[in-house]
Amino acid sequence: MQRVLVVEDSQTMREWIAAAIEELDRPLKLDLAASGFEALRLLPRQVYDLVVTDINMPDIHGLELISFIRSDPRYAATPLVIVSTESSEEDRRRGLALGANAYLVKPFSVPDLLSVVEDLLAGVKP
Amino acid sequence: MARRLKQTATRSRGEREFLSEAEEILERMRDDLGVCLERASSGDEFAPDVLNRLFRSAHSLKGLSGMFGLEVLAELAHKVEDLLDAWRLGRSQPTPERFALLEESVALFGRALEQLAAGAIATEFAAAVAELNGRIDAARSAPPVAPPAAQDVLDAPAALLRTLTEYEEHRLRESLARGRGIYVITVAFALASFEERLSEISSALREVGELLSTLPSPGAGGPGEIRFALLAATELDAAALAARLELEPSAVHAARAPRASANTPAAAAAVSEPTPSNAPPQANASPADASVAAPREPAPAADAATLRSVSDTVRVDIRKLDELMNLVGELAIERGALSAFARKLAGDPASVRLGAELEKIHKALDRKLQELQASVIDVRMVPLRQVFDKLARVAKRLRLDLHKDARLELAGADTELDKLIVEELVDPLMHIVRNAFDHALETPEERAAAGKPSEGVIRIEATQRGNDVVITVADDGRGIDTERVRAKAVERGLIAAAAQLSQRELLDLVFAPGLSTRGEVTETSGRGVGMDVVRSNVAALGGLAAIESRLGAGTTVTLTLPITLAIIQALIVGVGAERYAIPLNSVREVLIADPASLQRSGSRELFALRGDALPVLRLRDEFGVTSGAAAAKPFAVILGLGDARLALLVDRLDGQRDAVIKPMQGPISSVRGIAGATELGEQSAVLVLDIAALVTSAQRAEAA
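Chains as they are written, first to last, in the numbering used here: chain A, 488 to 613; chain B, 72 to 775.
Treat each hint with caution, since some may be false.
With the Cβ distance kept under 8 Å, some of the chain A side facing chain B (calculated, not the full set) [what the hints assert, rightly or not]:
#: 1; residue: Arg-490
#: 2; residue: Gln-498
#: 3; residue: Thr-499
#: 4; residue: Phe-524
#: 5; residue: Pro-531
#: 6; residue: Asp-559
#: 7; residue: Asp-578
#: 8; residue: Tyr-590
#: 9; residue: Glu-605
#: 10; residue: Asp-606
Pulled a few chain A residues facing chain B out of the computed Cβ check, cut under 10 Å [as the list claims (entries may be wrong)]:
#: 11; residue: Met-488
#: 12; residue: Leu-515
#: 13; residue: Glu-551
#: 14; residue: Thr-565
#: 15; residue: Val-570
No lab work stands behind these hints, which were simulated from the structure alone.
Even glycine gets a Cβ: it sits at the ideal position worked out from N, Cα and C.
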């Protein structure tokens with residue numbers, strides 16, 4: 488069973504993403520983190536097969552989280568997806584430079600999200 | 072968006088969640104806007120972290136609205152976000168006009184959520200948003216060219232600099248431009264407890280500077296540990312920063328040392344942190360640190376100056392000022408003893424010259440002491456502005472919430488009062504303003520029907536009158552219907568059904584506990600807190616609350632307050648063997664009470680003063696003094712507080728003194744009419760009369 492971590496400080500958004508990913512026809516274990524700190528506590532405990540993260544968050548932001556994930560050898564190849572709005576264009580570019588594999592611009596549709604997640608979980612790098 | 076959510080049920084739940092989260096974000100934005108306003112009014116620049124939080128809030132609103140297909144709201148949030156983004160990145164400056172646009176947007180967003188909660192957003196809403204968006208666009212200035220990247224001058228790990236967001240990079244540049252030192256602080260914590268430890272460090276950092284970035288990395292000690300590299304900006308040097316954060320000096324690495332010239336020459340007060348000259352040698356500083364930091368270390372002469380504060384104001388705990396005030400007061404009392412001794416010497420022919428000398432010294436001492444006292448009082452004084460700003464914000468909110476068209480006029484914001492009094496005034500004033508909005512002002516329709524302009528006015532004015540400050544809150548609303556007040560008071564058993572009360576006495580019942588002139592309790596005016604609490608809060612400050620109202624024309628609440636609580640000039644009066652102190656600021660005049668000027672009217676005694684009849688209070692009776700015989704021709708001390716006056720009859724006048732009021736403890740503390748005790752310097756203490764309580768009780772007696 489594959490494990491997916493969703494990091495998003497907005498509860499509505501977090502649950503919306505979770506509900507969408509659960510629609511996938513795939514055995515998945517989904518963990519939700521409401522802040523960067525919460526993600527920091529979860530990440531060392533198990534290895535995730537995919538991480539979806541927002542950029543704009545309190546405590547630590549998405550770029551710092553991506554840098555953290557990539558500095559752990561176990562996560563060297565784990566697919567990372569940024570979900571963010573178009574206003575953080577420059578920050579999204581930096582996220583990709585730090586090793587994120589894909590980004591989705593809010594608002595995005597369920598099919599948009601699912602096709603990216605599906606591909607990454609299946610091992611297809613976009 | 073084709074398939075938004077799986078089921079309709081989830082969708083409506085999602086919508087509810089959207090509403091509550093959006094409300095939450097808006098509430099946070101309102102608070103943050105309030106913080107910004109407060110800072111702006113005290114001349115400070117906006118705190119970067121508050122601006123950033125505002126930006127993040129707008130950003131979240133935009134994302135949320137977009138996901139729920141509410142394009143109009145997403146667009147509005149987007150404009151607000153852009154505006155805030157430009158501010159936090161230093162591309163444009165917040166002006167009052169732009170700030171007002173922000174407040175307007177938040178209010179508009181709030182209304183949209185209300186409509187959404189009730190069903191759907193009205194179609195004309197889009198036009199309002201478009202109009203506002205147009206104005207926001209017009210107010211935004213063109214972004215200036217971004218300054219060159221600052222990273223090349225920094226000795227910091229590349230990984231840390233690579234993860235900076237655009238905003239963090241801007242804050243870094245800003246800190247560099249201000250000559251602050253930039254530090255990399257490395258810490259490792261247990262995974263289980265890192266949050267508390269990190270938040271301790273970040274709040275300590277915020278006190279001395281700014282936390283720019285927090286980069287986590289896996290700890291060297293296995294999966295149970297996590298490391299953080301913090302990028303921070305401060306004017307402290309590395310050693311002082313480490314000491315401040317209670318970290319080993321080796322944990323703090325200077326990416327760039329602070330520039331000595333960052334300190335303004337005006338701030339001469341050196342901070343008592345250890346300076347390099349007296350700090351213990353740092354044996355455990357790593358050689359790498361030293362070699363990197365050395366070339367950019369400030370010149371030795373500047374070392375001592377690096378810890379100076381940039382501002383020329385000092386924050387002092389108000390209790391320290393109280394202590395100082397107490398000491399000054401006690402000094403004044405000692406001086407009184409000196410004066411008495413000088414007079415004694417002068418009275419004896421053998422020491423008359425010595426006495427005269429001492430009296431001269433005493434006079435000089437007295438002058439200096441008065442200056443000292445005035446300066447200490449002055450230090451405690453703050454303008455009412457901060458309270459007024461709060462009221463303005465509340466009024467703004469109320470106007471939107473209650474859909475009442477009203478403007479708040481403020482005058483006399485520079486009037487100064489003792490800080491403690493200003494703080495205690497917030498609640499009573501807030502309550503009065505809420506009352507005015509909620510109860511006094513009519514709806515626009517009602518106003519139109521009454522032939523009034525649709526916009527109501529609430530005017531708050533503060534003025535100094537001698538040793539008092541008078542604050543009036545006047546509205547042009549419906550006024551108080553005294554007949555309804557009477558009916559309510561009879562219903563609640565506050566007055567007898569047959570009681571003959573004047574207009575003024577009826578109005579004063581508004582301050583009686585348990586009387587609310589409106590049947591229902593409203594959200595705005597709160598529950599259970601009435602005008603009686605306003606009166607008792609104000610009385611606790613030694614002040615008086617009074618009300619005037621004309622039906623259909625409006626209501627005015629007047630608060631009269633002493634300028635300072637701590638030290639008073641007192642008139643010492645005697646009754647039998649007892650002595651009491653009366654705060655001189657409430658003494659209007661003192662006369663000999665000719666028996667002919669005292670008249671009886673029923674059970675009440677009145678004092679005739681130039682055509683007026685003042686209520687009389689015999690201090691001897693009030694406190695049950697039995698010693699000595701009552702003077703045949705007592706003195707009438709005319710007390711006044713606000714517009715209320717009272718003739719207090721005493722046997723003797725014992726002169727005028729400085730007095731520091733000490734609060735009473737134990738059972739006597741709750742005796743009505745006593746505000747506290749004061750020492751007179753000859754090992755005797757006297758009770759200080761609570762004039763507000765006496766005047767109020769005399770008025771009540773008159774009304775009963």
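Okay, the hints, checked on the actual structure:
1. Arg-490: Violated, because the Cβ-Cβ distance from Arg-490 (chain A) to chain B comes to roughly 16 Å (cut-off 8 Å).
2. Gln-498: This interface hint holds because 6 Å falls under the 8 Å limit.
3. Thr-499: It holds, given that the least Cβ distance between Thr-499 (chain A) and chain B is near 5 Å, below 8 Å.
4. Phe-524: Since the shortest Cβ distance to chain B is 6 Å, the answer is holds.
5. Pro-531: Holds, about 4 Å.
6. Asp-559: Status holds, d = 5 Å.
7. Asp-578: Holds - the Cβ of Asp-578 (chain A) comes within 8 Å of chain B, reaching about 5 Å at its closest.
8. Tyr-590: Because about 13 Å separates Tyr-590 (chain A) from the closest Cβ in chain B, which is outside the 8 Å limit, the hint is violated.
9. Glu-605: Glu-605 (chain A) check fails; min Cβ-Cβ to chain B is 15 Å, beyond 8 Å.
10. Asp-606: 18 Å, violated
11. Met-488: 21 Å, violated
12. Leu-515: Status violated, d = 15 Å.
13. Glu-551: 5 Å, holds
14. Thr-565: 14 Å, violated
15. Val-570: 9 Å, holds
The structure is inconsistent with the numbered hints 1, 8, 9, 10, 11, 12 and 14, although it conforms to all the rest.
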